[in-house]
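Just so you know, the sequences run in chain order A, B and C. One gets this note's numbering by counting positions in the first sequence from 1 and adding 57 to each. Each step along the second sequence adds one to the number in this note's numbering, with nothing skipped, and position 136 is 120. One gets this note's numbering by counting positions in the third sequence from 1 and adding 24 to each.
Calculated directly from the structure, the hints in this document are not laboratory data. A hint or two may mislead.
Unchecked claim - List time: in silico BS3-like cross-link candidates among lysine-lysine, alpha-carbon distance up to 27 Å:
id, chain 1, residue 1, chain 2, residue 2
1, C, K343, C, K91
2, A, K204, C, K638
3, C, K451, C, K338
4, C, K514, A, K70
5, A, K172, B, K140
6, A, K176, B, K71
Said to hold, decoys possible - If you want the footprint, here are the derived chain C segments under chain A, 3+ residues with CB under 8 Å:
id, segment
7, 152 to 161
8, 226 to 237
9, 572 to 586
Fair warning: this is a prediction, and the values are worked out from it, not measured in the lab. Where is the CB? At the ideal position from N, CA and C, for every residue including glycine.
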Amino acid sequence: MATYQLNVNGQRKEVTVDPSTPLLWVLREDLKMTGTKYGCGVSACGACTVHVAGVATRSCVVPISLIGERPVVTIEAIGEDPIGRAVQNAWVEKDVVQCGYCQSGQIMSAVALLKHTPKPTDTNIEESMGGNLCRCATYVRIREAIKSAAEQSK
Amino acid sequence: MPRIRATNFLISLLVLALGAWMIVSSTLGQARRSAATRAQGLAGWEQVYQVLTHPRCINCHTATSYPQQGDDRHRHISNVIRGPEGKGVPGLNCASCHQETNADSTGVPGGHNWHLAPLSMKWQDLNDRPLSSAAVCRAVTDRSKNHNLDGPGLLKHHEEEALVLWAWNPGRRPDGTMRTLPPLTHQEFVAATRRWVEAGTPCPTGR
Amino acid sequence: MSASTKKATELNPGRRNFLRVSAAAAGGLLVSLWLDFPVTAQEGGPPNPTQRTYPPDAFVHIRPDGKIVIQVNRLEFGQGVQTALPMILADELDADWSQVVAELAPADDVYKDPMFGIQMVGGSGSIAHSFQQYRELGAKTRAMLVATAAGRWKVTPDQCRTELSVVYGPGGKSTRYSELARDAARKDVPASVRLKDPSQFRLVGKRVRRLDSGAKCNGSLKFGLDLDLPGMKVAVVAHPPVFGARVKSVDDKAAREVEGVREVFEIPLAKGTGVAIVADKFWPAKQARDRLKIEWDFSGVERADSSQLREQYKQTARKAGMSAVARGEAKAIDSVNARNLIVAEYEFPYLPHAPMEPLNTTIRFEGDKAEAWAGSQFQTFDQMAIAEVLGLKPDKVTFHTEMAGGGFGRRAVTDSHVQREAAVIAKRLRGTPVKLVWTREDDIRGGYYRPLHVHRVEVGIGADGMPSAWRHVIVGQSLLAGTPFAMMMKDGVDNSSVEGVSDTHYNLPNFNVSVHHPTVNVPVLWWRSVGHTHTGYVMETLIDELAARGKMDPIAYRRKLLKPEAKKLHSALELLDTRSAAWRRSLPRGHAVGIACHESFGTGVACAVDVSIKDKRPRIHRATVAVDCGLAVNPLSIESQFQAGMAFGLSQLMAHGAVTLKDGIVEQRNFDGYVPPYIGDAPVVVDVHIVPSTEAPTGCGEPPVPVISPAVVNALSKLTGKRYRTLPLVTV
């Protein structure tokens, strides 16, 4: 067991856990923040995507011992960011979700894309979102919503 | 007086002779060493080539838009791609999963500045087949493509570069088993590189 | 009353209709509507005289604050039912939609599917079976509110009207529903009620956005896996690597050393035995499981092997099986000249459902009662199974229906194996709630797959290019044998293997369909659209091949071959033709069109795809799909279902889109070995067109799936000249 000081959504959090524990499970079970999801545990699906120091990160494969002081932002707080808010609004307006389980990760990846590329092309969208799995396969509307969010964020 | 002058003269002669001998023998010796070690250099290169084409190295030296993974060198999961700087794309960077060190508890390898080798350093063709020894040697020694590294620079790269060192400390797979190591130890790899560099980084002929 | 309204309000003889009304403790009106339908359509006879007491579970709760909480009688797992069913009720109720809140109802008799008599979701039946039910709920509630207002104002109900949760009376009078609710609770329930004419619908037929979107976009919506209870423990189970094997010995020393591990013990499974680990949290439980050293007893356990099964099935398919259809002359096919004969063998692998949210169940056992939480497609069965394991009567198990992250059939299991595992563990932990989690590896390797199938089809081609004879043998495990649904099998034929072929709407003379159902030690289950996943593929690729040989347009060929009675397919094809003609005729070089049509679960679907080959894979630039599903309750939801459902269907074509077994062991582990469609694999653009209709609504959950794979390979065949009869599509 080891104690870690974390910066999560702008707040200081302290946890005492096994150093090997992935950030995902620290968020979900120690910090009780279940918005970030477990889909595979091997970084293949993206449901666990958060931002670490501004980089979209698959929290299921990053042990808490490697996070350090880098600020972590999760789906619960991304709406406080104007691009995050635009993406969430577009997702609702375009009626993207079906079961919704993958969508926290989809949104976090989409925000990372739009922060870097405010006017993404179809190719940009396909490449950046290419590793986020949706079993319901809501991909057509995900594309539409990203383009809409890009428009709204001009 | 004449005795000292004679001694000085003799000493000067000796020094000159010694110097001449050194120059001559060095030149002759170098010629003899080059001729002898070109073969050794090529042998050293073949050993280096065995390491470079091992999955731990070649998986990130692709000609395609994607890295490979595993000993069977299959296309990397999750549709990750090279991106403009070999670091992936926004939302799906190498750093999205790969941290500064291996994550053995989750099976994701890591090292400092994890990224793909540039296309100038591709060691495979577009069908994911390793290039020939001659072709890889040419690529590696082409200073217009290899970040302007000369022989000593290449040696230093093999000795010290973090991502090179990673190949001998590649961490655990998600199923808990250790990743396989290149066919030489790092020490042997460096020694082979040195032999090759000392021989003037000769490349095999052919395509 | 118009004819359609009259039909809508008539109740069949043999059904009883109870409406129970009470005042809720917190105020407001609680309405329960229970429809006692016979389990099968054939049952008739006198109503069941047993008195039933109804739980306080409600369908509609009109709260004093104006919120209208509507209970949804089936699981929401992406298909949109938690919006569509409340829409239907709210429309008849004339409720203010902005005040409507949907909840997933717990397990109870009151919430049983009117057609099947169990609480369930599946068969694309949510709207089809509960449309009438929810309309009546809404209409009767409205009637009682109006009667209450009319009583207060001393006017007749006919002098009142309703709109947006308000009753209006003559002389400018008005009262909100929330103000009427308490008194309405004392009113008599009307025996019959007039339903709206469709022209009066305010919500039904409109593009209404989902109610659950916001919460699913900000991380606040809790799925089953997100549940957290005070004192809760987390459990994982080590399952045998071969189905049905048993634990011989366990070395758990290293496992117990993981900090946070509480218990390690052997448990019985639906087949065989496993080892359960209980810990404070998921990560220690998983780590401990990884450290278990288990020796398995494989004696007497069949070790299924996919390659062997395929070869065996191909041999078996050369003989006639149990007859499903025998029309015309059985031997006609034998006298067809070889150059007018197509002989086609198709192979389909085991498919995992792999819903995004791994399976999980939480149970707290208190000795004399229990509480369970799960995203279940089969609440009735699951509640019974948990009760059985715990030694309780089912009504002592409070079963909460959680929102689920996908299902596709995986959460509808008649043996309730996941719930049973959880119950066994909960029993041992009596008093402590325990959440059983299946990891993704458990899910991919845990069985209950779409069964492996082989088809062998012989088609004789007449002089006119139409089929002259058709002999079709299907080989695949039965889904129903050994389950409570086994009684639906007729003469040994499991319809779920032959549906889509045996009931084809194509006019096929000398049509002979038979089936073999081998017994194999691999648990199998219905996978979104069930038999149509493979039968639709076979039919639509063969029909396309026939059209190509006859040098006929694939749409025209189908329209000619379909029976005139196939109204929905005809209307879908016609609409498809109109809406896609322009782009079909102007494709760039290297692109081809693929056509397919199929009817399943009462809904007719036709689609056209624009495909090219990129990086040795099919690239689907565009899909146009036309659908006839009767009355379209929520066209926005239907559009979503088709855009996404078709992309889901492409799971069958993915290069690594199968589960294979070697010597009894599943070869895949996770999404690295079984790879479903990602965004680049899906169509870029999908336009959906709904045939206008006032017929009874039919489902849209499964119908998108069967058409897409054959449509895509039909296009590929045009580009490559090859026929694609083995799935998944490893090479193009």
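Each hint, compared with the structure:
1. K343(C) - K91(C): Outside the cut-off at roughly 63 Å; violated.
2. K204(A) - K638(C): Roughly 24 Å between the alpha carbons, so the hint for K204(A) and K638(C) holds.
3. K451(C) - K338(C): violated (46 Å)
4. K514(C) - K70(A): violated (62 Å)
5. K172(A) - K140(B): violated (38 Å)
6. K176(A) - K71(B): Cα-Cα ~20 Å, so holds.
7. 152 to 161: violated (count 0)
8. 226 to 237: Result for this restraint: holds, n = 4.
9. 572 to 586: violated (count 0)
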